[in-house]
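Q: Residue numbers (the working numbering), protein chains in the order written: chain A, 1 to 383; chain B, 1001 to 1679.
Be a bit skeptical, because a hint or two may be false.
The calculated lysine-lysine pairs, modelled on DSS-like cross-linking and capped at a C-alpha distance of 30 angstroms, are [what the hints assert, rightly or not]:
1) K1519/B - K1485/B
2) K1376/B - K1519/B
3) K1547/B - K1450/B
4) K1519/B - K1625/B
5) K1016/B - K180/A
6) K1016/B - K144/A
7) K1485/B - K1625/B
8) K1376/B - K1485/B
9) K1051/B - K222/A
10) K222/A - K1116/B
11) K1349/B - K1591/B
12) K1414/B - K1519/B
Derived DEER-like restraints, expressed as beta-carbon distance ranges [unchecked claim]:
13) D1153/B - I85/A: 36 to 42 angstroms
14) V1249/B - Q226/A: 36 to 42 angstroms
15) K222/A - V1053/B: 32 to 38 angstroms
16) D1113/B - R206/A: 58 to 64 angstroms
17) N1193/B - P209/A: 33 to 39 angstroms
18) H218/A - T1094/B: 23 to 29 angstroms
19) A195/A - D1153/B: 47 to 53 angstroms
20) L22/A - V1027/B: 20 to 26 angstroms
21) V1027/B - Q226/A: 30 to 36 angstroms
22) V216/A - R1147/B: 46 to 52 angstroms
23) R1147/B - K222/A: 32 to 38 angstroms
24) R1147/B - A86/A: 45 to 51 angstroms
25) V1027/B - S136/A: 23 to 29 angstroms
26) V1053/B - Q226/A: 25 to 31 angstroms
Hints listed in this document are in silico derivations from the structure and should not be mistaken for laboratory results. Ideal Cβ placement from N, Cα and C applies to all residues, glycine included.
Each chain, letter by letter, is given below.
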Amino acid sequence: MQLRIERRMVPHIPWGLIFSVLAVCGLGIWNLASASRPPHSPVWGSQMGYLGISMVAVLVVCLVDYRWIQRMALPIYVGNILLLIALRFFGHTAKGAESWFVIGPFRMQPAEFMKIGVVLMLAKVYHDDFQPNAPSYSLTRLWKPVLVVFVPFALVLVQPDLGTALMIGLSSLTIILFGKVRWYLVATLVAGVFAAGIVIWNDYIRDVPEPRPTIVRHHLKKHQSQRISGWLDPEADLRGSGYHAAQSKIAVGSGGVSGKGWREGTQTGLRFLPEQHTDFIFSVWAEEHGFVMCIVLLVLYGAIFIFGLGVGFNARDRFGAFVAVGVVAMLFWQVFENIGMVIGLLPVTGITLPLMSYGGSSLLSVMLSIGLLVNISMRRHMF
Amino acid sequence: MTPPTLGNTTPGRELKRRFLWLGLAMVAGLGLISIQLYRLQITRGEEYAAKSVANFVKEVRLRADRGVIKDARGTILVDSRPSFDAFITPAFCTDCYEQVIPRLAELLQWDPDQRKKVEDMVRMGRRNAPFQPVPVRVDLSRDEYDRLAARRDILDGVEVAPVPHRHYRTNSVLSHVLGYMNEITQEELERLNGDGARYALGDYIGRRGLERYFEQRLRGTDGVRKEVVNARGQTIEELNDKLGDNAVVSPRPGSNLVLSIDMRLQEEAERAFPGVTGAVVAIDVNTGFIRALVSRPGFDPNLLTGRVTPAQMALLSRDPLDPMINRVAAEHYSPGSTFKVVTALAAFKSGAFRPETVVNCPGGYRLGARTWRCHKDAGHGLMDGFTAMKSSCDTWYYKVADTIGLDPIGEMGKALGLGSPTGVNVVAEVPGIMPTSAYHDKASPGGYTKGMALNSSIGQGDNNVTPLQLALLYAAIANGGTLYKPQMVNRLEDLDGQTIESFQPEVVRKVDLSPAHLKAVVDSLVVVAHEPGGTAYRARMNHMRDKDILVASKTGTAQVTRLGAIRLKTHQMSYFERDHAWYAGFAPADKPELAIVVLNEHGGHGGSDAAPTAMAVFQKYFDLKKLDATAPPPRPNQPYTPSSVTRAPSPDEAALTRRVRPPARLPGDEEDRTRATAD
Chain A
1 MQLRIERRMV
11 PHIPWGLIFS
21 VLAVCGLGIW
31 NLASASRPPH
41 SPVWGSQMGY
51 LGISMVAVLV
61 VCLVDYRWIQ
71 RMALPIYVGN
81 ILLLIALRFF
91 GHTAKGAESW
101 FVIGPFRMQP
111 AEFMKIGVVL
121 MLAKVYHDDF
131 QPNAPSYSLT
141 RLWKPVLVVF
151 VPFALVLVQP
161 DLGTALMIGL
171 SSLTIILFGK
181 VRWYLVATLV
191 AGVFAAGIVI
201 WNDYIRDVPE
211 PRPTIVRHHL
221 KKHQSQRISG
231 WLDPEADLRG
241 SGYHAAQSKI
251 AVGSGGVSGK
261 GWREGTQTGL
271 RFLPEQHTDF
281 IFSVWAEEHG
291 FVMCIVLLVL
301 YGAIFIFGLG
311 VGFNARDRFG
321 AFVAVGVVAM
331 LFWQVFENIG
341 MVIGLLPVTG
351 ITLPLMSYGG
361 SSLLSVMLSI
371 GLLVNISMRR
381 HMF
Chain B
1001 MTPPTLGNTT
1011 PGRELKRRFL
1021 WLGLAMVAGL
1031 GLISIQLYRL
1041 QITRGEEYAA
1051 KSVANFVKEV
1061 RLRADRGVIK
1071 DARGTILVDS
1081 RPSFDAFITP
1091 AFCTDCYEQV
1101 IPRLAELLQW
1111 DPDQRKKVED
1121 MVRMGRRNAP
1131 FQPVPVRVDL
1141 SRDEYDRLAA
1151 RRDILDGVEV
1161 APVPHRHYRT
1171 NSVLSHVLGY
1181 MNEITQEELE
1191 RLNGDGARYA
1201 LGDYIGRRGL
1211 ERYFEQRLRG
1221 TDGVRKEVVN
1231 ARGQTIEELN
1241 DKLGDNAVVS
1251 PRPGSNLVLS
1261 IDMRLQEEAE
1271 RAFPGVTGAV
1281 VAIDVNTGFI
1291 RALVSRPGFD
1301 PNLLTGRVTP
1311 AQMALLSRDP
1321 LDPMINRVAA
1331 EHYSPGSTFK
1341 VVTALAAFKS
1351 GAFRPETVVN
1361 CPGGYRLGAR
1371 TWRCHKDAGH
1381 GLMDGFTAMK
1391 SSCDTWYYKV
1401 ADTIGLDPIG
1411 EMGKALGLGS
1421 PTGVNVVAEV
1431 PGIMPTSAYH
1441 DKASPGGYTK
1451 GMALNSSIGQ
1461 GDNNVTPLQL
1471 ALLYAAIANG
1481 GTLYKPQMVN
1491 RLEDLDGQTI
1501 ESFQPEVVRK
1511 VDLSPAHLKA
1521 VVDSLVVVAH
1531 EPGGTAYRAR
1541 MNHMRDKDIL
1551 VASKTGTAQV
1561 TRLGAIRLKT
1571 HQMSYFERDH
1581 AWYAGFAPAD
1591 KPELAIVVLN
1601 EHGGHGGSDA
1611 APTAMAVFQK
1621 YFDLKKLDAT
1631 APPPRPNQPY
1641 TPSSVTRAPS
1651 PDEAALTRRV
1661 RPPARLPGDE
1671 EDRTRATAD
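With the rest of the complex left out, here is chain A:
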């Protein structure tokens, strides 16, 4: 492992990507300063600290040749899995989930880093597994990537951290689809989504007299079922399961075109939104800055995705391309799920908004993956 920067890397530094990321980070801290206004603790200060640490980490990641990272993919992956297993024994329980290590003043969420581990491992699998003229992946040939995904997926799911597990699943699925699979697998997937839609329609939406014939609903735990019904009709139970969804929709909607102004948001200031500086940070943004600035933020995220995919597009090898796809997919799904839940498109799950939400582990893991992108971009003509 050697840390160095060569002159020929410099022209390939992805300034567009770096600018977009830093812009989002800046807006994020500004927004946090509003979300955590007195009497809250001013968390934006510590977020600045986390950002500084993350920048150093990014710099380190950039300077390592990613082929070394490629070689280290398996140890990183296995190490993360061991951390997840260790969590079962030494973990700190918060909000009903064992997902934290507490070391002195620091709290760490291994699942956040597991996501990177999975992406790296999958990319390595796809890199090593390449057969130039082979047809696309059949079910039997998929066993390796599926195994790579399944182990951490299951470990995170039993924490239980449904949101992160979903993110691992979705970004891995994106990579696998990107790696091309047989048509019947795609068809099965589409049919599966379709079936899920039908089940939800039957169990929750269809207007039938009670007791309604349910397919899955009676197997779910009560709070899980309430999440779904709260998502479909947040107004139905305002004080209970629909509270988050309804209040967050009110916050977003009341922002209007131009918003209520920085630190002027009433939903935020009067704490009608729990988790307003983590999971529901976007509603603070939407309420205080309105539709126009929401679109600006979305455009910045879009820029990150496009520049990120551009890095993959120009990558030197399959590993780089797959890492880029994995990282961007991970970011995309988090952004999509988080904002989707805030504006009432998707059910409420505990997903943070990358670069905007408060949280060291989340920020560090996102910045590390950005670092990977920069790294891949810088080294596209090295070999």
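Take the given structure of chain A and dock chain B to it, following the hints.
A: Okay, now just chain B, sitting in the frame of chain A:
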């Protein structure tokens, strides 16, 4: 560094197309989000903005002070004292049914019924107005207040707030007139708010008497203060600038009532009235304003306003003495001999009788096969109009009834206000019954017979009056035939004592009475109290010091059950069979001012058990008149404190609480039942 072999290390052309698709998919995803954002923020932006305002603005009702009730001299009889009530704001009460209400129930020692009631109220409030605090406990004791204050942290959505509580300083005195207050019902709420009033669940509303009749005037208009609250319902003062200009609408206090009742006279009437049950009413003969009003037994409005328990309520409603009934107007009684003034006036008017007309009383009057007994079995001998009134000889009046029939008597009674409501309308009333032949044809089996006229002529039979009607009737005789509508409120005042509305005397009708006939009746009434042998003579002598004031009086002893073969002494009868003792009169007879009616229910004889009360009240009235002429007017708005004249409960009263029942009916002649005696 070996040159990379193509295909193994470069991503390859087939990957590049997929990058394009992936990028497009992601842009589509962001597009989807943008569309939803547009829908929320642009299309429905105003709707959500309104919702967010509704979220944080809590409207706090500023209750208007309820008007106070004062007596004629400005002494405060009813006002408000500070008390603490506990409220639950449903919207802020998380885990209400599982945590908060059970804890409250424990702290305030509720039984399951009360707990159920509170749960229902909170549930209803949550549906209708989740931010409106629901009162769950009024008038906390010091102890309960401390307990709640100490555990405030575990009682989400529960607040304790100072709320004025109605304070009836007179306790059970005047209770029927003042009324009381209790919680508004759901139906009343809907009906009244439909008419434009603004009541809320848990508000108190006046019941009975002045509190009910003047509810809208006493109540005032509530104000509103808007407050910014956070999600837990805590008020955030710093953000009140978000509320705009009209954040506070001040309440307008209700009007004060000034009664015509003078509490000093009222106290004297309470003190002097010896009865367990009964009524006293003193009325200004020239205006119809009531000066004193006793209805006994009373109830404690303080108890009924708020913390009455179901057990206490049941006790009140089961009490055989019916303490909730206002005996002055809402119950009627046979007037007995006090009615004889009507018979006399009818007799003179008919022309068949003159005051000098002499009738012999052998102790009874024969009509057909039956004899109507006079109260004096030995007979009074020869009686003219004056002596008949003085010794209350029944026979003279039997003769009148036999001669002129029932209808002239009934018409005279009706003209003087009997048999129809007086129009008092502040308190409930019954019309009483003034029988005529038409009435008997309809109501009595077999129709009208002459015997009924005989019974009615001495105030027995179906003849029923309320004490208030009788007082107005005597007032009309005193003032020369003007029948007034009874009133007890002089005026409505605002907070500063400025008159808003003042009530003038209202004449119901002027009765056409010959001055000569009136003079004959008044003279004979004066004889009753001023000549030895008159039925009120002894009471007049013993209880009035001012011997120069002429008191026109009539006593009565109305029989409740039929007379047996042998007259029983009062103490030999059980309570509910005893006679009603009546007194009716006015003074001074030559220049009348005050008319008084006393009804001592089951009290015995009018001369001994009702007349002394009236005499004492007359005496007090003239004493006060003299006092007020010289003494400076009192400082208004002094709170009333009962003076120490408390009446020891009589043995009878103690017996009554042990549930004396009216005895079963004894066999006997139906008409005999209505036979009367008079002192």
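Q: Is the distance from the Cβ of V1027/B to the Cβ of S136/A consistent with 23 to 29 angstroms?
A: This hint holds: roughly 25 angstroms between Cβ atoms.
Q: Holds or violated: K1376/B with K1485/B, Cα cutoff 30 angstroms?
A: 37 angstroms, violated
Q: Quick check: does the Cβ-Cβ distance between R1147/B and A86/A fall within 45 to 51 angstroms?
A: Hint holds: Cβ distance 49 angstroms, inside 45 to 51 angstroms.
Q: Using the C-beta atoms of H218/A and T1094/B, is the stated range 23 to 29 angstroms upheld?
A: Given range 23 to 29 angstroms: holds, Cβ gap about 28 angstroms.
Q: Honestly, do R1147/B and K222/A meet the 32 to 38 angstroms range at C-beta?
A: 35 angstroms, holds
Q: Starting from the range 46 to 52 angstroms, see whether the pair V216/A and R1147/B falls in it by beta-carbon distance.
A: 49 angstroms, holds
Q: What's the verdict on K1016/B and K144/A, does the C-alpha distance respect the 30 angstroms limit or exceed it?
A: 24 angstroms, holds
Q: Starting from the hint 36 to 42 angstroms, judge whether the C-beta atoms of D1153/B and I85/A obey it.
A: 41 angstroms, holds
Q: A range of 36 to 42 angstroms was offered for this pair. Does it hold for the Cβ distance of V1249/B and Q226/A?
A: Holds, at about 41 angstroms.
Q: For N1193/B and P209/A, compare the CB-CB distance with the range 33 to 39 angstroms and indicate the outcome.
A: 35 angstroms, holds
Q: Between V1053/B and Q226/A, does the beta-carbon spacing fit 25 to 31 angstroms?
A: 28 angstroms, holds
Q: 32 to 38 angstroms was suggested as the range; check whether the CB atoms of K222/A and V1053/B agree with it.
A: Between K222/A and V1053/B, where Cβ atoms are some 33 angstroms apart, the hint holds.
When the structure is compared with the earlier hints, violations turn up for hints 3, 8 and 16 and for no others.
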